[in-house]
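Student: Chain residues, written in single-letter form:
4 protein chains.
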Amino acid sequence: MSAPDARLAEAVREISADMKQRRDRGTVASYIPELAQVDPGAFGLCVVDAQGNVAEGGDAAVPFSIQSISKVFTLTLALGMAGDRLWERVGREPSGSAFNSVVQLEYERGIPRNPFINAGAIAVTDLILAGHKPREALGEILRFMRFVSDDDTVSIDERVAASEQRTGFRNAALANYMKSFGVITNPVDFTLGVYFHHCAIAMSCRQLAMAGRFLAHGGRHPTTGHAVIGPQRARRINALMLTCGHYDGSGEFAYRVGLPGKSGVGGGVLAIVPGQASIAVWSPGLDASGNSHLGRVALQELSKRMGWSIFG
Amino acid sequence: MSAPDARLAEAVREISADMKQRRDRGTVASYIPELAQVDPGAFGLCVVDAQGNVAEGGDAAVPFSIQSISKVFTLTLALGMAGDRLWERVGREPSGSAFNSVVQLEYERGIPRNPFINAGAIAVTDLILAGHKPREALGEILRFMRFVSDDDTVSIDERVAASEQRTGFRNAALANYMKSFGVITNPVDFTLGVYFHHCAIAMSCRQLAMAGRFLAHGGRHPTTGHAVIGPQRARRINALMLTCGHYDGSGEFAYRVGLPGKSGVGGGVLAIVPGQASIAVWSPGLDASGNSHLGRVALQELSKRMGWSIFG
Amino acid sequence: MSAPDARLAEAVREISADMKQRRDRGTVASYIPELAQVDPGAFGLCVVDAQGNVAEGGDAAVPFSIQSISKVFTLTLALGMAGDRLWERVGREPSGSAFNSVVQLEYERGIPRNPFINAGAIAVTDLILAGHKPREALGEILRFMRFVSDDDTVSIDERVAASEQRTGFRNAALANYMKSFGVITNPVDFTLGVYFHHCAIAMSCRQLAMAGRFLAHGGRHPTTGHAVIGPQRARRINALMLTCGHYDGSGEFAYRVGLPGKSGVGGGVLAIVPGQASIAVWSPGLDASGNSHLGRVALQELSKRMGWSIFG
Amino acid sequence: MSAPDARLAEAVREISADMKQRRDRGTVASYIPELAQVDPGAFGLCVVDAQGNVAEGGDAAVPFSIQSISKVFTLTLALGMAGDRLWERVGREPSGSAFNSVVQLEYERGIPRNPFINAGAIAVTDLILAGHKPREALGEILRFMRFVSDDDTVSIDERVAASEQRTGFRNAALANYMKSFGVITNPVDFTLGVYFHHCAIAMSCRQLAMAGRFLAHGGRHPTTGHAVIGPQRARRINALMLTCGHYDGSGEFAYRVGLPGKSGVGGGVLAIVPGQASIAVWSPGLDASGNSHLGRVALQELSKRMGWSIFG
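Chains as they are written, first to last, in numbering that gives the first Met the number 0: chain Y, 0 to 311; chain H, 0 to 311; chain B, 0 to 311; chain S, 0 to 311.
Rather than coming from a laboratory, the hints here were simulated on the basis of the structure. One thing to keep in mind: the hints can contain errors.
The calculated lysine to any residue pairs, modelled on SDA-like cross-linking and capped at a C-alpha distance of 25 Å, are [claimed, not checked]: (1) H:LYS303 to Y:ARG84; (2) H:LYS132 to B:PHE168; (3) Y:LYS303 to H:ARG165; (4) Y:LYS303 to H:LYS19; (5) H:LYS303 to Y:PRO221; (6) H:LYS303 to Y:GLY82; (7) Y:LYS132 to S:GLN164; (8) H:LYS303 to Y:LYS132; (9) H:LYS303 to Y:GLY218; (10) B:LYS303 to S:GLY218; (11) Y:LYS132 to S:THR166; (12) B:LYS303 to S:GLY217; (13) S:LYS303 to B:PHE168; (14) Y:LYS303 to H:GLY90; (15) B:LYS303 to S:ARG84; (16) B:LYS303 to S:GLY229; (17) B:LYS303 to S:ARG219; (18) H:LYS303 to Y:GLY229; (19) H:LYS19 to H:GLU33; (20) B:LYS303 to S:THR166; (21) B:LYS303 to S:ALA226; (22) Y:LYS303 to H:GLU33; (23) B:LYS132 to H:ARG165.
Listed next, the stretches of chain H that the computed footprint assigns to chain B, with coverage defined by at least 3 CB atoms under 8 Å from CB atoms of chain B [to be verified]: (24) 101-111; (25) 159-172; (26) 178-189.
Here the structure is a predicted model, which is why all the values come from computation and not from measurement. C-beta atoms are modelled at their ideal positions from N, C-alpha and C, and glycine is treated no differently.
Construct all of the structure, not just a fragment, from the sequences and the given hints.
Tutor: Here it is, written out as structure tokens:
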């Protein structure tokens, strides 16, 4: 790692310090018991540029539960495995409703609107599972996360996985509902087991920013040279993040931040500056749409200071 | 006007020729009787770059009914008049439903999801009207369209306006519904009259591409130097076009084309390449979501050839 | 009029006295300004039996706005005019939603679920109008009301009609929405004008109980001998009142009272004891579903004391 | 058993013969594989009057899967166990949607609209289970069915139960969804296991008509003298059957037949003539709402010939 651009390093440092002090921190997710115990005062930010320079601030080295951010990586993996057949089971439109809504599934005969709402991500997980044993599929996902983050220490927080498995009735409803339409092909418990576990992957902002680099650079890690996916597919995943990455707050994120991004209820956000940088931010308190409150504020500020909006 | 980039001129020429010949042309909108008579074989394309160079092909000089594309300009005008108070009456999220759905209005107490679905655009028109006479508001809108397009010949097709006024019961339902929640403040007939008329503005691809230039260049016409709006607002309108500009096909457009855009049921699409170009395309046949079928295909091809996607 | 059954007379007297004193009176409807001024302390009750005996208590002689109770009579009239063709435009199922919901209309392509929700009653009014002038249709409805109540003094409260006409945007939304599907065939303003006026008919409990007698007696006035409709149709209107007569409180009314009934937001309720009696009750305060609170309580008590439930 | 009224016996005989020959038989339910194999030509009808006289025709002695008709009996049993506390978990309003819709659950926070749609019946089963072992709860239900039918041979068709358990993903979705709101308190698999098994009870028309007698006679078996429930509760269960007993065809059944009734996807219907008779009919072919087509036709004819409508 070499030194990042001084202006970027300063922006990251100042924003991190500012966010640490803010009192409007949102509300830590309570529906997964294990997540409810996270310190709401935590804040981390990490940016990795095209040259591999890292700028970071706050708790950028502290691992947190990436939750729905994992959906970006399972989508990437599933597209590599199933190709565009994936889109027979999942749509590409914003949902216009909450992350765990079942209403849309009924109106659209079991086909989830996009791969970033829970139902869609469960369907994607089902494609990865594809008749294998849950343990094998999970191993595949974990290997992929370690590969893209270039870090073999990435692992699953088993307590979080177990906590969600005990309480994830809403996700079980979604999975069973899709199963009744044939959209889920493996046993529901198998698919849900893999889903809960990949959501429980723990990563630090630094690890996550590293993992997102291929999306900023045409599907290829700029420093390691690893080709993860083709450039068109990388662009398209970015497009999906922009339109669907923040549940029913996706429009707001695009409006304020102007970058493709994906949030998780653990308080993390991965954001991509095409051609320039991969960003990870973490602040556990969520807004009403279930997205990290200060995570969004920090990204809005950073995007503005760096002139990174993709909209001009 | 000087000569455009040769590669761009060639791409526009080839794509136009190709689109003229395609047999999959979608279905011309029939719900406004006057629009149903348009020739489905028409195709026009025009690109204006930062230097004011124009590349065009096909029926780029033929005026068509811009319909919902006018919503981009009424939003710009209303933001200039009312500022961010506008967002008390209209949301910023994709709707996840058809352009004229009333369901969402009921679940969200009369507040439309965004300014680009019909209900939202009617609410925006109501803000422009703001107690004035319909004739005055309409004059204001028309002056604005002529100003941004730098063309005093832009005008309203009265037959189309009359046709929609006679048959626009669905829009009357939306307007009355919002009125019952106090979101519409002028007499319903006044607001609808202005709305139907600005949707009936006729422009050619060339006029429309000229009119969109300020959105590609930070709110300012790059050649005339006219400051239309501030740069942040221009970015944000682009963001709204990306997430909400194609009704329930917005995700698909972002995924395939990768540019902010706004479609109209007349078959036109305005698309913006931030910092580089403004594009207008016209093909009257629509897809199932109510967006120009070949318009989208042409923009996908053009964006790909020119490497214009904002997603990398 | 001869003397009613002594036990009935006593029940009516005691219940009326009890209801007058109760403090839980519900909330007077505020959405029609003129209705908001009614005294919440009013209470009237009138029962007419098969022999024409009248038992009444409280403010049984005070006229009130019958509002949606008029829908029972316009349905009767329209069935006489159009026969079962009426059911091509209106369904016969409970709505499972509020009296003025537009959501169902969208999911079912403009066909209202039943003739007793607002949309359905507007469609029925449109059938009565059938190309005539609003004044003529309204005259027809008023003549019918006077005929069935055997009382030529029944009339329309023009202030209430005007008040609703000025503020009835939600109903205008419903009518325009149905018009867009061709379910409304007259000009929307005509149909709404007639609808608002027949809802504004003012009647006392005594007049209303008299008017309902034909429904209790196989379609025929037991004393005057007037044949209003056939016996099967009378039964079916009673069935519709039972399943759909109280909006989204219909199940509750059937469960507690056990009689076919129709409520209005003016606080009136018409209830039918097949073969035995016609009942009108009036108490202006409404419950959360928009039905008269004490009206329902009084009917529950009366039905219980007299053993009138149709369910055993 | 003594001889029934001659006119009733003749009506039952003639209607049974007529129904056997009709060609419009509806469609046998296919979503439970085991049920799809039933002979669509079957038809049975049985009426038991207050004196215990039996009139029957067709396949009245052939057992069929009672499916959702069991919900009437589990509701009765649960009301006896939990009393009106039951209504904290289940509503009493018609649903306005399909028998297995999940949309309403989302809009009403996990509380099913009534005990006769699948979600409501699952919640009722959960109340009966109440911490006991599934086997014990099922034993309790079976004992109750044998008690009310006065027939110890009533039993569960294990193949049907197993078939539904393997394929009942939609019900699993409903149960998990309610569990996420705390409306289901036992393990989901336990509650569903009991639910699938009581739906798989097999009874003949004669057994079923016998079982329904207490609802026709104020909660008491008129011949055995068994008091099953109080008279008010019997009336109220009848009211619920009238408003909610046929899913989204409840209004139609009330309109045409005019009796409280409950249908099952096995093609059976139980109907009650308060004070007079209990009726069971069976014809496997269903209409679009999931109710027995000829079952409804036969009941309409029988009700008309006998003058049994509760609506006059």
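Student: All hints, please: hold or fail.
Tutor: Hints versus structure:
1. H:LYS303 to Y:ARG84: 22 Å, holds
2. H:LYS132 to B:PHE168: Satisfied, since the Cα-Cα distance of roughly 21 Å is no more than 25 Å.
3. Y:LYS303 to H:ARG165: 47 Å, violated
4. Y:LYS303 to H:LYS19: 42 Å, violated
5. H:LYS303 to Y:PRO221: Distance of about 22 Å is within 25 Å: holds.
6. H:LYS303 to Y:GLY82: With Cα atoms ~20 Å apart, LYS303 of chain H and GLY82 of chain Y stay inside 25 Å; holds.
7. Y:LYS132 to S:GLN164: 23 Å, holds
8. H:LYS303 to Y:LYS132: Not satisfied, since the Cα-Cα distance of roughly 40 Å exceeds 25 Å.
9. H:LYS303 to Y:GLY218: 16 Å, holds
10. B:LYS303 to S:GLY218: Measuring from Cα to Cα gives roughly 16 Å; hence the hint holds.
11. Y:LYS132 to S:THR166: At roughly 22 Å apart (the allowed maximum being 25 Å), THR166 of chain S and LYS132 of chain Y satisfy the hint.
12. B:LYS303 to S:GLY217: Roughly 14 Å separates the two Cα atoms, so the pair holds.
13. S:LYS303 to B:PHE168: 43 Å, violated
14. Y:LYS303 to H:GLY90: 22 Å, holds
15. B:LYS303 to S:ARG84: 22 Å, holds
16. B:LYS303 to S:GLY229: Within the cut-off at roughly 14 Å; holds.
17. B:LYS303 to S:ARG219: 19 Å, holds
18. H:LYS303 to Y:GLY229: Holds - the C-alpha atoms of GLY229 of chain Y and LYS303 of chain H are around 14 Å apart, at most 25 Å.
19. H:LYS19 to H:GLU33: Satisfied, since the Cα-Cα distance of roughly 23 Å is no more than 25 Å.
20. B:LYS303 to S:THR166: 45 Å, violated
21. B:LYS303 to S:ALA226: Holds, because 21 Å separates the two Cα atoms, which is no more than 25 Å.
22. Y:LYS303 to H:GLU33: At roughly 45 Å apart (the allowed maximum being 25 Å), GLU33 of chain H and LYS303 of chain Y break the hint.
23. B:LYS132 to H:ARG165: Satisfied, since the Cα-Cα distance of roughly 20 Å is no more than 25 Å.
24. 101-111: holds (count 5)
25. 159-172: holds (count 4)
26. 178-189: holds (count 3)
Hint violations for this structure: numbers 3, 4, 8, 13, 20 and 22, all remaining hints satisfied.
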